[in-house]
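Engineer: In the order they appear, the protein sequences are chains A and B. This note's numbering applies: residue 1 is where the first sequence begins, and numbers increase by one. This note's numbering applies: residue 111 is where the second sequence begins, and numbers increase by one.
Below, a list of computed lysine-lysine pairs in the BS3-like style, where the Cα atoms sit at most 30 angstroms apart:
1) B:K154 / A:K71
2) A:K37 / B:K214
3) B:K154 / B:K137
4) A:K37 / A:K54
5) B:K154 / A:K54
6) B:K154 / B:K214
7) B:K181 / B:K137
8) B:K161 / B:K214
9) A:K37 / A:K109
10) A:K5 / A:K68
11) B:K154 / A:K37
12) A:K5 / A:K71
13) A:K68 / B:K154
14) A:K5 / B:K214
15) B:K181 / B:K154
16) B:K214 / B:K181
17) A:K37 / A:K68
18) B:K214 / A:K54
19) B:K137 / A:K37
20) A:K5 / A:K37
21) B:K214 / A:K68
22) A:K54 / A:K68
23) B:K161 / A:K37
24) A:K71 / B:K214
25) B:K172 / A:K5
26) A:K109 / A:K56
27) B:K161 / B:K181
28) A:K5 / A:K54
29) A:K54 / A:K71
30) A:K56 / B:K154
31) A:K5 / A:K109
32) B:K214 / B:K137
33) B:K154 / A:K5
34) A:K56 / B:K214
35) B:K172 / B:K161
36) A:K71 / A:K37
37) A:K56 / A:K37
Read the hints as simulated data drawn from the structure, not as lab findings.
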Amino acid sequence: DQQVKQNSPSLSVQEGRISILNCDYTNSMFDYFLWYKKYPAEGPTFLISISSIKDKNEDGRFTVFLNKSAKHLSLHIVPSQPGDSAVYFCAANAGNMLTFGGGTRLMVKP
Amino acid sequence: NAGVMQNPRHLVRRRGQEARLRCSPMKGHSHVYWYRQLPEEGLKFMVYLQKENIIDESGMPKERFSAEFPKEGPSILRIQQVVRGDSAAYFCASSRGRGATNEKLFFGSGTQLSVL
Numbered sequence: 001d002q003q004v005k006q007n008s009p010s011l012s013v014q015e016g017r018i019s020i021l022n023c024d025y026t027n028s029m030f031d032y033f034l035w036y037k038k039y040p041a042e043g044p045t046f047l048i049s050i051s052s053i054k055d056k057n058e059d060g061r062f063t064v065f066l067n068k069s070a071k072h073l074s075l076h077i078v079p080s081q082p083g084d085s086a087v088y089f090c091a092a093n094a095g096n097m098l099t100f101g102g103g104t105r106l107m108v109k110p
Numbered sequence: 111n112a113g114v115m116q117n118p119r120h121l122v123r124r125r126g127q128e129a130r131l132r133c134s135p136m137k138g139h140s141h142v143y144w145y146r147q148l149p150e151e152g153l154k155f156m157v158y159l160q161k162e163n164i165i166d167e168s169g170m171p172k173e174r175f176s177a178e179f180p181k182e183g184p185s186i187l188r189i190q191q192v193v194r195g196d197s198a199a200y201f202c203a204s205s206r207g208r209g210a211t212n213e214k215l216f217f218g219s220g221t222q223l224s225v226l
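So here's chain A without its partners, still in its complex pose (with noise of 0.2 angstroms):
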């Protein structure tokens, strides 16, 4: 039973466009959501996160957005920079434990 989805397994776009990666969840004890980046041959590493009584957290050139009606929340990258290629994991905190998405492969052609 998949409590976070993310349903895109891939994603190209082209450099100095936006980047949006969706992520779907179903158990409303969520409280906290997160995103972390993660290259090749290293561990995650935590981008931006959002409590569930907000609707929009930004950073930089990274804004979440959280519907907690729809049960979704999407990771906004722009401008899009070929560095920015990796994978990305969204994850939802209840109790002790982050559960994650299956992530998205984010490429960014120069």
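Using the hints, position chain B against chain A.
Structural biologist: Same frame as chain A, now just chain B:
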């Protein structure tokens, strides 16, 4: 300012052998989490430990898997009598405080376990 250190980076075991994975948390962090990533899947929570205590092991398989975080030394994830299905990347994360809501987890680079 070392981050979360995991070793070994790669571990090869034959079926039936034991695998021991080590994790040293970031300096000042007393909370350790273990996650497993199977090929083409996301990270799955296994266990959450504080020094000398297992706080939540709801993601740990009931048999063959155990974890500890002693007062001194690294956290150890131990897999006895490994099977091919145990082949995965095992990630350790640490935090200063409890849970992931207010504290961001810092992940190590992982141990890639391959069972022949």
